[in-house]
Structure formats: C-alpha cells, structure tokens
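Participant: The residues making up each chain are set out below.
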Amino acid sequence: NAGVMQNPRHLVRRRGQEARLRCSPMKGHSHVYWYRQLPEEGLKFMVYLQKENIIDESGMPKERFSAEFPKEGPSILRIQQVVRGDSAAYFCASSGDLVDTQYFGPGTRLTVL
Amino acid sequence: AQTVTQSQPEMSVQEAETVTLSCTYDTSESNYYLFWYKQPPSRQMILVIRQEAYKQQNATENRFSVNFQKAAKSFSLKISDSQLGDTAMYFCAFLNRRPSGAGSYQLTFGKGTKLSVIP
Numbered sequence: 024n025a026g027v028m029q030n031p032r033h034l035v036r037r038r039g040q041e042a043r044l045r046c047s048p049m050k051g052h053s054h055v056y057w058y059r060q061l062p063e064e065g066l067k068f069m070v071y072l073q074k075e076n077i078i079d080e081s082g083m084p085k086e087r088f089s090a091e092f093p094k095e096g097p098s099i100l101r102i103q104q105v106v107r108g109d110s111a112a113y114f115c116a117s118s119g120d121l122v123d124t125q126y127f128g129p130g131t132r133l134t135v136l
Numbered sequence: 004a005q006t007v008t009q010s011q012p013e014m015s016v017q018e019a020e021t022v023t024l025s026c027t028y029d030t031s032e033s034n035y036y037l038f039w040y041k042q043p044p045s046r047q048m049i050l051v052i053r054q055e056a057y058k059q060q061n062a063t064e065n066r067f068s069v070n071f072q073k074a075a076k077s078f079s080l081k082i083s084d085s086q087l088g089d090t091a092m093y094f095c096a097f098l099n100r101r102p103s104g105a106g107s108y109q110l111t112f113g114k115g116t117k118l119s120v121i122p
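Chains A and B, in that order, are what the protein sequence lines are. The first sequence maps to residues 24 to 136 in my numbering. The second sequence maps to residues 4 to 122 in my numbering.
For reference, chain B alone in the conformation it holds in the complex:
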C-alpha cells in the first residue's frame, strides 16, 4: 500500500514571495504519477500540477513547479510570486498505475498543508 506524508500542517508566505511545500511518499511500485491539488475555501479540488515518475524533468505550470527526487521519494511544490488567491489547502497525491484489481488507479492523498498568503 502507498502512503503520502505532508509534514507541514500549516505554512504562511508574504505576497510576491516564494514558498515550498513538502511531500514524501512510500511505494514499491515503479509506474506511477504524482500530483498536487489545491482546495481553496470553496472546497473545490483543483489540479495544480502533475509529474510522471518515469520522467526525470521536473514539471512546471506557470508559477508552480515541482522538485521530484525519485530515489528519495520526495515531491515538493514551489510556488513563486505568491498571490492572495493561492491561499488554500494543498494536497499531495499518488496515483498507482497498476492496470487492474484492488488498488488500481486510486489516488492516495496526504493530509494536506494549509497555506496562507499574507498581504
């Protein structure tokens, strides 16, 4: 079974500054994806960024980038030029790409990091 650990329950950052959220995971699988989802006060789950385990290049989406260290099983999210709208819970998630049976294609989530952007 996979586990995802987010060791920072809460973080804060000044507007326009950079912040990094940590995530580690444990798995024996080799074919998987990693995600960061954002949950603002509206409670909607919004996909922020995706990383494929077999790709060495770190994913980037505008102000969001990841540092994927496969050997260390670490997957951190960096938010540059933080904006007030970035205030949200951030969840790290793991997707096993086992093709069938129990455990197939289910997302395993960490407990989340509550990020507050301070004006």
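The shape of chain A in the complex, shown without the other chains:
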C-alpha cells in the first residue's frame, strides 16, 4: 500500500516534553502538508513543505513548533515543551507535482498530560 504513512498513531507526552510526529508521503509525491484538528472542529493548515524547503508556514505557531522535510526520510513535525493546548489530531497530507489534490494519512493523536 503506497498511501500516506504517519507514526506514531497515538502519542502521549507530559507537559514540557517534546513530541515528534513523522510523515512519509505517498510514493511519487514530493509535497507535504501538515494540518491540526482540535476536537469537534475542521482541520487547520499549519505548514507546507517540499524536499528540503518550507514553502508556506503561515499556519504554524511562532514558538515551539517546527517542521522539516529532509532530502532523505520522512517529514517531521516537532513540538517542543508541549502544553495541554497542543492536544489534538495532527494530519499529514501529500500531493504530486500538480498540487491539485491532497491525500491524507491516518493522523497522529497527541495527548498532553
């Protein structure tokens, strides 16, 4: 199955710890997007990356959050010093070079205790 892969599916962290979320795009896709879904809400855009480049991070909180998509390996969304308000589902999506349709992974559910 060459779908979008995300791991871990569930992540529990205590306040102040770091959370690392991984995303492997669909085979042949080089565009990756991260979204956050708070309970009972739709998804909100965070960041758009291509290999080794951040294209648009207009939805990313200015502090504690960072994202990368290295030449080799998965895209990483990193949240430092997590707080309870970071508890949410984080979805990764990917698209091909036409960037006309985004396909989503299963999401990572982050719980901050």
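Take the hints with a grain of salt, since some may be wrong.
Unchecked claim - Which bits of chain B does chain A cover? Going by a derived footprint, with three or more residues having C-beta under 8 Å, they are:
| # | stretch |
| --- | --- |
| 1 | 60 to 69 |
| 2 | 110 to 119 |
Claimed, not checked - Here are the computed distance ranges between Cβ atoms for each label pair:
| # | chain 1 | residue 1 | chain 2 | residue 2 | range |
| --- | --- | --- | --- | --- | --- |
| 3 | B | Gln-47 | A | Ser-110 | 16 to 22 Å |
| 4 | B | Ser-33 | A | Glu-91 | 42 to 48 Å |
| 5 | B | Asp-29 | A | Gly-119 | 24 to 30 Å |
Don't read these hints as lab results, they were simulated from the structure. No residue lacks a Cβ here, since even glycine has one placed at the ideal position from N, Cα and C.
With chain A's structure known, arrange chain B on it following the hints.
Facilitator: For chain B alone, coordinates are given in the frame of chain A:
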C-alpha cells in the same frame, strides 16, 4: 482569505434514501478546487469528490455527486442510496491554486456536518 461554511452541524438519513449536504464559500480567487472529505469514526480523512472551478460540469463519483454553483459560491454534496458505511463527518474544503507564497495550496476546511445513516 477564504472561508468555508457548512451550515448543517448534524443530519440524518434513512438507509437507501438520498441526502444533500450544503457548503458555501467565499473567495476572490478565480482558480481553485473544491473537495468533500469524509471522516468516519476511525478518524481517517478520505477524499470523496473533487470539483475544478473552471469546469461547469458537476463532478460525480458513483453514489456521490455535487451541485457546483460558481456564481452563488455554493458546493453541495448529494449522496444517493445511502449506506450505513456513509455514517461520518463530512468536510467541505477549498484549495487555492495561487502558485506561491503564503496561502498557496493550503486547504481551508468547513467545520463539518455529522451524517448519521439510520437502518
């Protein structure tokens, strides 16, 4: 900035019947796509159907079809012959095709409609 509005928080439909979910959007862009995504209890986001703004013909995928009214900025989803597996949250989404810079290629989602299919 784009906005997407889904005015029906919850809906229900009898199995085998037809249901229509509403979506309106606001944009000043001319080149864009519209989507319906489904999120079942598993929480996976599944693409249901896609519409290109420059195409007048309404998109259809099996039991799913859309009514795209560009001038009215309306994009409704019709589900025919509803099945129990259609029970899910349905999100309408807008994709701006601006080629670069902030706002490029990001999906803007509505708040969703929770659809329940009743046996």
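Participant: The structure should be examined with respect to each hint, and the outcome stated for every one.
Facilitator: Hint check:
| no. | hint | result |
| --- | --- | --- |
| 1 | 60 to 69 | violated (count 0) |
| 2 | 110 to 119 | holds (count 6) |
| 3 | B:Gln-47 - A:Ser-110: 16 to 22 Å | holds, 19 Å |
| 4 | B:Ser-33 - A:Glu-91: 42 to 48 Å | violated, 34 Å |
| 5 | B:Asp-29 - A:Gly-119: 24 to 30 Å | holds, 28 Å |
Hint violations for this structure: numbers 1, 4, all remaining hints satisfied.
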